[in-house]
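These are the residues of each chain, in order.
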Amino acid sequence: MKKITIDPITRLEGHGKIEIFLDENGAVANSYFQVPELRGFEKFSEGRMADDMPQITERICGVCPEAHHVASTKTLDALYHVEPTPTAKKLRELLYSAFYVTDHTTHFYILGGPDFVMGPDAPVAERNIIGVIGKVGLELGGAVINARMRNHHVIELIGGRGIHPVFGLPGGVSKSLSEEERKEIEEIAKDSVEFGKLSLKVFDDIVLKNKEYVDMIVSDAYTHKTYYMGMVDENNKVNYYEGKVRVVDPEGKEFAKFAPAEYLDHIAEHVEPWSYIKFPFLKKVGWKGFVDGKDSGVFRVAPLARLNAADGMSTPLAQEHYERFYDTLGGKPVHHTLAMHWARLIELLNAAEHMLELSRDPEITSTDIRNIPDKTPDEGVGIVEAPRGTLIHHYITDEKGVIKKANLIVATVNNGAAVNMSIGKAAKAVIQPGKEITEGILNRVEMAWRPYDLCLACASHDLSGPSPVPIYVYDSKKNLVNKLSSN
Amino acid sequence: MAKIKLALYWASSCGGCEIAQLQIGEKLLKLIEVADIVFWPVAIDVKYKDVEAMPEKSIDVCLFNGAIRTSEQEHMAKMLRDKSKTMISYGACANYGGIPGLGNLYNREMIFNRAYLETQSTDNEKGVTPQTSIDVPEGNLSLPEFFDTVRSLPQTVDVDYIIPGCPPEEKTTWLALEALIQNKLPPKGSIISHNVKAVCDDCPRTKNEKKVKKFYRPFEIEPDQEVCLLEQGILCAGVATAGGCGAMCLKANMPCTGCYGPVKGVTDQGAHFLSAVASIIDSTDPEEIASIIDDIADPAGTFYRYSLPDSLLRRAKVS
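Sequence order for the protein chains is A and B. Per my numbering: the first sequence ends with 1841, consecutive numbering throughout. Per my numbering: the second sequence ends with 373, consecutive numbering throughout.
Hints were generated in silico from the structure; no laboratory data involved. Keep in mind the model is a prediction, meaning the values are calculated, not measured. Incorrect hints may have been included.
Computed spacing ranges between beta-carbons, pair by pair [to be verified]:
id	chain 1	residue 1	chain 2	residue 2	range
1	A	E1733	B	D336	29 to 37 Å
2	A	E1437	B	K261	53 to 61 Å
3	B	S187	A	D1569	35 to 43 Å
4	B	I275	A	P1670	41 to 49 Å
5	B	I343	A	A1613	20 to 28 Å
6	B	E199	A	F1612	55 to 63 Å
7	A	K1729	B	V281	27 to 35 Å
8	B	I343	A	S1532	36 to 44 Å
9	A	E1733	B	H248	37 to 45 Å
10	A	P1670	B	K267	53 to 61 Å
11	A	K1642	B	I347	50 to 58 Å
12	A	E1790	B	E179	38 to 46 Å
Below, in silico cross-link-like pairs of lysine-lysine (PhoX-like), each with a Cα-Cα straight-line distance of 25 Å or less [as the list claims (entries may be wrong)]:
id	chain 1	residue 1	chain 2	residue 2
13	A	K1637	A	K1611
14	A	K1754	B	K265
15	B	K101	A	K1789
Just so you know, even glycine gets a beta-carbon here, dropped at the ideal spot from N, CA and C.
Only chain A is shown next, with the shape it has when bound in the complex (with noise of 0.2 Å):
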């Protein structure tokens, strides 16, 4: 059979191969999407002192360091037999809270959104976030340049370094946070809520005001009827720091609900021979293959999978386009790949308004941010909503705290299947017999990953290449700072 290969896939973090096979008609008869690396962590973990693995396992992305580094933190808790104090859970949110602002910004400007602001077939010199800037307006691209980067000053501000930081501790945080600082914050906050909103009326007028991308969006191509998993709080709402775990069915019913300790009951990996990351599915309804529907144990998580298992969102704003999000695409679940960008920026939205609650918290200055564990290491479990979805950190130590057994259930991976499943669907729509296979094609078979963020690079000041218009960027008062052009 006649094999097109994409390799490696681009506007992402990491390592992705697409292999697609032609019938001697030059249909679709598969596509497989291969991950071909593998860096062993599960197995150097063990030796390691538990509490380095906050450091250690953050290396696993350097695009969300912040989710393992948490993930771990919180492990450390659970191995520890230790509750963080107030001020150090807040802390901790507050770094959350200003890493998803930065993490769904990056994804929507520079790696998803392109496809959908130039067009999927637009040339590839222009599909990327410099023909991006060009379209919106160079006040937004300074914004979303602001948006990146003050964002990630925050998050050195709590973490001691803006890439892999340092502050957790079992029991709390290494450092707290001064007036002065938390005063800098909220003021980060309150313009990240203001982008959040400009972000949702830049999807609405440009994807939703054109039906051409509505009727992509809605199109069986680009839609999987699975299981959704997301954390929710005791209200149900999304939550990314804490709560149970949450997995609805594929007409919405609440199917499981678990805290992180029963992890195991409810998921289990599948291993294939031509991918070095495993497919994790539902353990209860078991691994029927790639297929979708309700008697295959495919789930699906990130923004778009933890709307369909919340029943809403915990702060108002975000709250009111959850509501319209629902509304316009027929209720709930939405299973069209190509809405979790929308409902990224609902998340946006949300994390940057929690964001603003937290640096107006009384307590966040205070400098009790330590409880120092007491009791014997053994065992711990430890769960986050990264951006790209649910994230499990297991450790196994001896007394002393040094790791006997590790396990990592990471985000992306817990999607392995459904992008496997996008892809293959995407391709069998797009690529037909008789029809040129142009660029512009691939591009619409990439689309169908590109929604699920996967682990993947963020780019916030990616102007690389011969730039097709001069890019200004402003500071937060509007004073243009720089002007680049490319004569």
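Chain A is fixed; fit chain B onto it per the hints.
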């Protein structure tokens, strides 16, 4: 003047180096004024076949991050070396092996067994593991070979410069890029950083005589925020690690873990750190010394956190 042709690539790494390159912020605009980026999978849709088609030495500078863990990464390192006039090793993984280099405490079989057969959540009765060549109903698929041993970039190809850090801090990255833009790169083989002496040089904490009777984990005590952590019994790699980072971890009340690599003139960072620690133990009684050292339960991960593949040890002997 013709624009500088710049390629950026990642091997066995986390993507933090890509983010670090972006964190130079608006200075990136200055870079783009003088440089065209010809390959950067994170951001532009240029594929491997496009790079293969580029003539030898047609790329001026390649910033390569990540260690060499698979045959594909080795192939890309060699190809980009051939295509590039200047090869820069960027970040701890490329320079010394980095965190993925801790994989050298085990071998391929042990790593595969853990990942694909043993973990508590794995459901794999048939014992399937990834293969380099796989027949599927529609044809054949391939995966790169996973090597037994992780190597650094300088152990794989000839490298012109080293930029340290996990990831390199913004100012370190800019120091190198500015030198590149101004065509003022230092002699081949240089480490490009603000300070190649120890992190202690950058650290604001007061330093007194170091005499340690007991080592502590950072979570076990609330350390004095003004005083050297090593003096307080917290294992801080700052004494054996090149500075230039600004001692950021120390300012966040956490010890240095060694990500900027060895100080100038030292080949084995771990041995240097170990000897520094040995010299501060406050005892002459062999039994007491043994008991103090016993507090260090993970010497390999402590002393060689980022540098095992590039050390004199290179890897653990495993059977």
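These are the hints, each one checked on the structure:
{"no.": "1", "hint": "A:E1733 / B:D336: 29 to 37 Å", "in the structure": "holds (35 Å)"}
{"no.": "2", "hint": "A:E1437 / B:K261: 53 to 61 Å", "in the structure": "violated (35 Å)"}
{"no.": "3", "hint": "B:S187 / A:D1569: 35 to 43 Å", "in the structure": "holds (41 Å)"}
{"no.": "4", "hint": "B:I275 / A:P1670: 41 to 49 Å", "in the structure": "holds (43 Å)"}
{"no.": "5", "hint": "B:I343 / A:A1613: 20 to 28 Å", "in the structure": "violated (45 Å)"}
{"no.": "6", "hint": "B:E199 / A:F1612: 55 to 63 Å", "in the structure": "violated (39 Å)"}
{"no.": "7", "hint": "A:K1729 / B:V281: 27 to 35 Å", "in the structure": "holds (28 Å)"}
{"no.": "8", "hint": "B:I343 / A:S1532: 36 to 44 Å", "in the structure": "holds (41 Å)"}
{"no.": "9", "hint": "A:E1733 / B:H248: 37 to 45 Å", "in the structure": "holds (43 Å)"}
{"no.": "10", "hint": "A:P1670 / B:K267: 53 to 61 Å", "in the structure": "holds (56 Å)"}
{"no.": "11", "hint": "A:K1642 / B:I347: 50 to 58 Å", "in the structure": "holds (54 Å)"}
{"no.": "12", "hint": "A:E1790 / B:E179: 38 to 46 Å", "in the structure": "holds (45 Å)"}
{"no.": "13", "hint": "A:K1637 / A:K1611", "in the structure": "holds (14 Å)"}
{"no.": "14", "hint": "A:K1754 / B:K265", "in the structure": "holds (24 Å)"}
{"no.": "15", "hint": "B:K101 / A:K1789", "in the structure": "holds (23 Å)"}
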